[in-house]
Amino acid sequence: MPRKVNYRIDYAEDYDYHDDYDYDHDLESNGEAPKEDQSVSKPGYWRCAICTYDNDNDDNLTSCDICGAVRIAPVGNSFEVKAVDDICKDPGVSVLAKSLFASLPRGKPKMAITMQRQGKFSDFQNAFNIPDSRQHINIAPFKFDRASPDDMVSAGKKSYGKDIKAKVPQFPPSKTSPVIAEKGKMKAVSNAKKYEASSSTSNKVGRLNSNDRSPISGSGVVEEDKIQATTSDFLNLKLKPSIYNQKNDVNGRKTASFDEYKPEPWMLPDQKEQTLPLLNLAIVGHVDSGKSTLSGRLLHLLGRISPKEMHKYEKESKQMGKGSFAYAWALDESSEERERGITMTVAIAHFETKKYHVVVLDSPGHKDFVPNMISGATQADAAILVVDAALGSFEAGMDGYGGGGQTKEHAQLVRSFGVDQIIVAVNKMDAVHYSEERFNFIRVRLGSFLRTCGFKESSIVWIPLSAMENQNLITTASELRLLTWYKGSNLLEAIDSFLPPVRETSKPLRMPICDVMKSLLSLGQIAVSGKLEAGAIRNGSKVLVMPYGHIATVKCIVRDSRACSIARAGDNVDVGLQGIDASIVMAKGVLCHPEYPVAVAASLELKVLILDITMPILVGSQVEFHVHHAKEAARVVKILSLIDPKTGKVSKKAPRCLTARQSAMIEVNLERAVCIEEFSKYRALGRVYLRANGKTIAVGVVTRIIHQ
Amino acid sequence: MKLVRKDLIPNGPGSAKMIPEEPDDLWHVYNLVSQGDRVMAVTVRKVQREMVSGGRDVERVKLKLEIEVEAVDYDNVGSVLRVRGKNILENEHVKIGAFHTLEIEQHRPFVLRKDVWDSVALDVLKQACDPAASADLAVVLMQEGLAHIFLVGKSVTTTRSRIEASIPRKHGAAIAGYEKALNKFFESVLQAVLKNIDFKVVRCAVIASPGFTKDQFHSFMLLEAERRELRSIIENKSRILLAHSTSGYKHSLKEVLDAPNVMALIKDTKASQEVQVLKDFFDMLSNDPARACYGPKHVEVAHERLAVQTLLITDDLFRNSDIPTRQKYVNLIDSVKETGGTAHIFSTMHISGEQLAQLSGVAAILRFPLPDLEDMEM
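Residue numbers (my numbering), protein chains in the order written: chain A, 1 to 708; chain B, 1001 to 1378.
Next comes chain A alone, as it looks inside the complex (with noise of 0.2 Å):
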């Protein structure tokens, strides 16, 4: 299949957004090697050599449960049997490891060759059965290219190094050399922290390696995950610029920049800082299904709500007539909401779990407000999508009037703002009684949606549980009924098993500002709120404020309601900010790196997915166009070309219009200019989402900024 493979590295370089969504041709293609990142990192399973089983990753477990064969080290393992795979198309594979190569959307050929060689080594190690873990860390400055003085600190382990280097040309794929010469110009960049990186790259595989015999081990949760975001963000800091530059022969005259761009040490995340990751939740769901109520509840079973506070609000509620609004009113804090019992804008909560520090997104479910939905969560890494069990409300959620509820609505629109995991929370279990049935019938219902919308089986997490009456939030349920059927895990245990997002630390900075505050007492004059994502800023940081333009100093940053020096990608901070007009901070700007700002443009190429719509797209349709928090009045001027979703070939130009579940090429242009950047460069600020008439009738991404 010479064909597929070279589609793949072509397409998913600049538009995996694509494949995201096509479910099915994902699994025959051939660059699932980089999933394996995932199998790694994902505590569920590990794969047999021999007879491909996933085997529960119990960490005494060391043989396969089936065939009994040794556990090596699993990165390695699993790519020789995809490389098995290829050949002979082995029938045999689980539907579920199928599902779990698919499901990474960040796949890159490239990653795939720094993952197999990295196997290799793990092999070679486990080949000469080193038993202390000491040892491995020696081993450590494994280098995915040899030149770096940290590589002499251990000179008895060069041999190991020439043998790895004379691996390389074994898995020649097409891109190999231009990684390479990349990764000499990046190596500059930090040699200490890739010292660490890879130190701790071998740590993992010394950990996975010898499960129970590593020190490691017992340095708890917290630091293996730590390790693993260490791990990714490196393969990432050395990705990108080979993206880049592969991208300058189309495109040479924007991108050239970025190549030089060189993030400040500082700006990178240190692994020895004692703080959670970050992740940013969004609570989605059709109106009512309980999103406030069930986040108010974990908020205060987490005692993030004070008792006090809690009384207050159940006093309130009774004394307007809505005593089952109590929980919801944590969130839900302007007059308005509470008088009318509904959620109207995005409100921002903050909680910890055991791995992750969690900024909660509660949406809105209302129709009419699927517009601030939008704005308030494009941020999410991941989504608990709450659907109602009751009788008639989850079948409203799917059908509505007028063909969609806002529980497909938000489902599409959550995956396109990239969120592939998503926990399915199956709220009002009470109503029907702890009835399995009905669970089972939701799940099949709404499953076979999920995963038209592209998420994997693998990644949606089912959950059967009451927000009111407290049941599988944060442990497990004691309610008799649901315990006879239901054994699996509860929300908060959900949320830790979500994988840790990847972040853009290595590139400019980028802060979409979702919102802009006046005079605040902590914060000073002006202070703008929003997810940094990409680069990092501190204390006195210069940023652009786009799309204006004019410089402005960072003052303080608040996280949280504390107050830190950092701030990096993936963040959700407020920042203060100092020596510029509150007039012209806008809360659809960016704040950029001074020398590297943010395209503000009118006219665009976009490639969009037509989700279920009744009226079709023509030349001239007048549509909102939403980018991460901006908004603006637009209209379709042309629509270029019609796109097989299976090959991703143009299938008909010029087409007279646009219907259901099509891919097309259109242009658009706005009536107002936005900060927007290529999907390929940023993606978060390169996903568009069209609306009309109250409905989201298209989701997309930028391929091209057409300046005028």
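Do not take every clue at face value.
To be verified - Okay, the calculated beta carbon distance ranges per label pair: (1) B/Val1080 / A/Ile551: 39 to 47 Å; (2) A/Ala431 / B/Lys1184: 37 to 45 Å; (3) A/Ser603 / B/Pro1324: 28 to 36 Å; (4) A/Arg481 / B/Glu1226: 54 to 62 Å; (5) B/Arg1239 / A/Ala563: 49 to 57 Å; (6) B/Glu1226 / A/Glu314: 34 to 42 Å; (7) B/Asp1288 / A/Leu302: 52 to 60 Å; (8) A/Glu671 / B/His1093: 44 to 52 Å.
In short, the hints are calculated from the structure, not lab data.
Since this is a predicted model, take the numbers as computed values, not measurements.
Ideal placement from N, C-alpha and C gives every residue a C-beta, glycine not left out.
Given the coordinates of chain A, work out where chain B should sit on it, guided by the hints.
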């Protein structure tokens, strides 16, 4: 518009004298006057005179000129039509062939002479002079942080005001900031309403928004009106309607005009008819794509096969094109009508016309499906 005198032959030469009375009328005049027509009106022109002493004196003289039209400009906001052309009326101050620009304003009579008064021109004239009360409607279209005020006339929609404010999200202790910002935003919208909506002119005012913003604003407005004794609002309380829209952008205006309670008020007006017809067209396009087509070539082919049931066309096509093109469209309309179809001329100043203009300006709902039309390369 007041028609003072009419002296013309249908499809032949003739002249008409008229007095525009409303801003809408100028739009009609804009559609009526085309290149090559002759317009006579009283105007003011600076004239240089040589004095006996040899010095020069500049004087503004009021005089009557007739010009052959070369270009027409329409100013929506100022309600002025500027007609540029060469003078053809001998005058002691202005030579024949000298350029002059006539300004046609409300309450200023003028005479229009055409070589050919085609059916479309006669239609426009008839419509413009229809004494039916103007259906002026004021629409306040809003969403949190954005508001537009539109005046929807018979054939012109004017954007009178755009208000934008940044409303912070609810934010823990800063919740007061949200309410304060919202109230400030409502206050500026209210000021714009007072300034731009004259209840003597408009039939009713519609407040439309997604969610509850409209209700919030409505109660805010009534409360403030009581407090500050804003007579114009208190007295016209019953003429303020609420409607649902999905956003605060201009294109949501069609949803407002579509709303049953608003529709009931304006159902006889052109604006609502246009919205309805365009909706029919889009419905047809989504339900039975073979029975709807757009683009001049496609429509022409469909018409050759006598398939056109309803023709949708923008006035833009008549205005900006040369005489043969105009003739072509006039013939199209005439023959559609002859074959039992209907033709709707959309005003590009309305939201529906704007949308039709995006679809090349001409579209048709067909009597029977023509599936092969789509495959035709044109």
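Hints and how they fare:
| no. | hint | result |
| --- | --- | --- |
| 1 | B/Val1080 / A/Ile551: 39 to 47 Å | holds (44 Å) |
| 2 | A/Ala431 / B/Lys1184: 37 to 45 Å | holds (42 Å) |
| 3 | A/Ser603 / B/Pro1324: 28 to 36 Å | holds (34 Å) |
| 4 | A/Arg481 / B/Glu1226: 54 to 62 Å | holds (56 Å) |
| 5 | B/Arg1239 / A/Ala563: 49 to 57 Å | holds (54 Å) |
| 6 | B/Glu1226 / A/Glu314: 34 to 42 Å | holds (35 Å) |
| 7 | B/Asp1288 / A/Leu302: 52 to 60 Å | holds (56 Å) |
| 8 | A/Glu671 / B/His1093: 44 to 52 Å | holds (47 Å) |
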